[in-house]
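Visitor: One letter stands for each residue in the lines below.
Number of protein chains: 2
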Amino acid sequence: MIKKPDGLLKKFGLSFEQPDFFIMALTHRSMGARNNERLEYLGDSILGYVIAEKLYEMFPDASEGELSRLRASLVNQGSLAGLAREYNLGDYLILGSGELKSGGYRRDSILSDALEAVMGALLKDQGVLECKAWILKVFAKKLDELDLKQSLKDPKTQLQELMQSRKVDLPVYELVKMTGAAHSQTFSVKCITHVESNQSCVGSGDSRKKAEQDAAEKMLKIIKKQNK
Amino acid sequence: MIKKPDGLLKKFGLSFEQPDFFIMALTHRSMGARNNERLEYLGDSILGYVIAEKLYEMFPDASEGELSRLRASLVNQGSLAGLAREYNLGDYLILGSGELKSGGYRRDSILSDALEAVMGALLKDQGVLECKAWILKVFAKKLDELDLKQSLKDPKTQLQELMQSRKVDLPVYELVKMTGAAHSQTFSVKCITHVESNQSCVGSGDSRKKAEQDAAEKMLKIIKKQNK
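Chains as they are written, first to last, in this note's numbering: chain A, 70 to 297; chain B, 70 to 297.
If you are wondering where the hints come from, they were derived from the structure by calculation, not from laboratory data. Be a bit skeptical, because a hint or two may be false.
Copies of the same chain look alike in the list, so a pair counts if it fits in one copy or across any two.
Derived DSS-like pairs: lysine-lysine, alpha-carbon spacing no greater than 25 Å straight-line [claimed, not checked]:
1) K206 - K72
2) K293 - K170
3) K294 - K225
4) K225 - K236
Being a predicted model, the structure only gives us computed values, none of them experimental.
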């Protein structure tokens with residue numbers, strides 16, 4: 070049974086001038102053409118910006134790469150679904166009967182998308198400044214707990230931990246080429262992962278280890294971009 | 070010879086309360102630790118949001134996928150570098166001597182990053198509303214020329230055109246599996262591309278053609294996410 074959205078609004082500390090936006094944000098595409106996908110697209114973009122700006126201010130000495138990694142660690146499907154569960158958002162989702170039966174209200178992707186859609190709805194209803202303030206409120210605890218050290222681990226360790234957290238096979242490194250004379254060799258190493266798709270990229274360095282780290286760093290960038 | 074940044078400010082129609090932000094936006098990492106990389110990270114995020122919101126308003130009937138494709142067609146390294154050239158931004162870049170000699174002021178990546186960094190600098194100097202207004206001014210012509218039809222082409226055509234525009238090998242489709250009885254077969258097709266890395270993903274459908282379109286659509290999503 071779907072609960073009335075007023076309870077969720079109260080938990081969120083929100084009120085809408087145009088409540089239709091909020092209802093739409095909770096409406097999964099299994100309900101038909103009027104659903105939350107466009108609002109999710111909008112919410113994803115404002116969320117990315119708000120967290121980027123906040124991290125920029127919080128960590129004046131962090132590099133652009135560190136800021137990107139911090140953001141990816143904060144804003145991803147798992148963390149958004151976790152936040153959605155803190156507000157019991159699943160109880161208020163408006164799902165088609167198929168999704169309802171198969172437990173769609175528990176699924177990470179559906180919860181995460183709906184939370185982003187709420188952000189998009191708020192943006193449309195109340196503008197960027199109000200929306201920004203609310204996003205920062207929702208993320209306040211996660212921002213407090215942020216660990217810059219985590220983002221400073223070497224790329225291979227980070228990539229391995231990422232694969233473990235997603236319960237997929239660990240990355241594989243293959244030496245593909247060695248060039249140059251004995252005293253000045255260049256190593257090329259391919260890194261292969263399986264996340265959304267089989268992906269590989271090649272890193273290079275003057276040692277096999279450095280080439281592996283380089284390949285891992287490139288792969289992290291690719292994956293983090295995909296998670297934006 | 071580097072021109073004084075005042076000329077560029079005039080072309081941009083901007084004035085900064087804290088001109089140091091603007092100078093930093095023009096400063097490439099080849100100049101050392103104080104460079105535009107952090108501002109570029111910030112600018113990238115505000116740009117993504119501003120264009121997402123604008124497209125959401127311009128195309129009330131476009132799907133989330135269509136909006137994403139439209140944004141990727143507007144906001145990418147090539148288009149940003151093109152805009153930067155319209156303002157002769159390259160003449161004002163502050164580059165280390167190595168980059169200067171090798172013609173860094175002409176390079177797409179450096180021009181594109183610097184333009185995003187200017188957006189980040191403006192955000193810090195004048196806040197989100199002013200920054201948003203300026204981004205929309207800079208993109209006004211591109212937004213006017215937008216072609217929704219382009220984004221409605223079928224996924225295989227879109228993917229092929231994307232590969233052609235990037236001058237990389239065309240995608241390859243391989244039938245990997247057929248399951249089910251003769252009258253209700255399911256086809257699985259692997260799509261392989263080479264953009265940032267070798268990537269493959271598998272699509273499925275009740276005909277080989279549909280499975281190819283499905284694989285192409287998945288690949289487009291992966292690539293577009295990487296270009297955000």
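Visitor: Under a CA distance limit of 25 Å, which applies to K294 and K225: within one copy, between copies, both, or neither?
Guide: both (17 Å within a copy, 22 Å between copies)
Visitor: Should K225 paired with K236 be assigned to within, between, both, or neither, using CA atoms and 25 Å as the limit?
Guide: within (16 Å within a copy, 31 Å between copies)
Visitor: I want to check one pair: K206 and K72. Are their C-alpha atoms no more than 25 Å apart within a copy, between two copies, both, or neither?
Guide: Within. Shortest intra-copy distance 24 Å satisfies the 25 Å Cα cut-off; inter-copy 44 Å does not.
Visitor: What label fits K293 with K170 when the C-alpha limit is 25 Å: within, between, both, or neither?
Guide: Result: close neither inside a copy nor across copies, 33 Å intra and 33 Å inter.
Violated hint: 2 only; the structure is consistent with all others.
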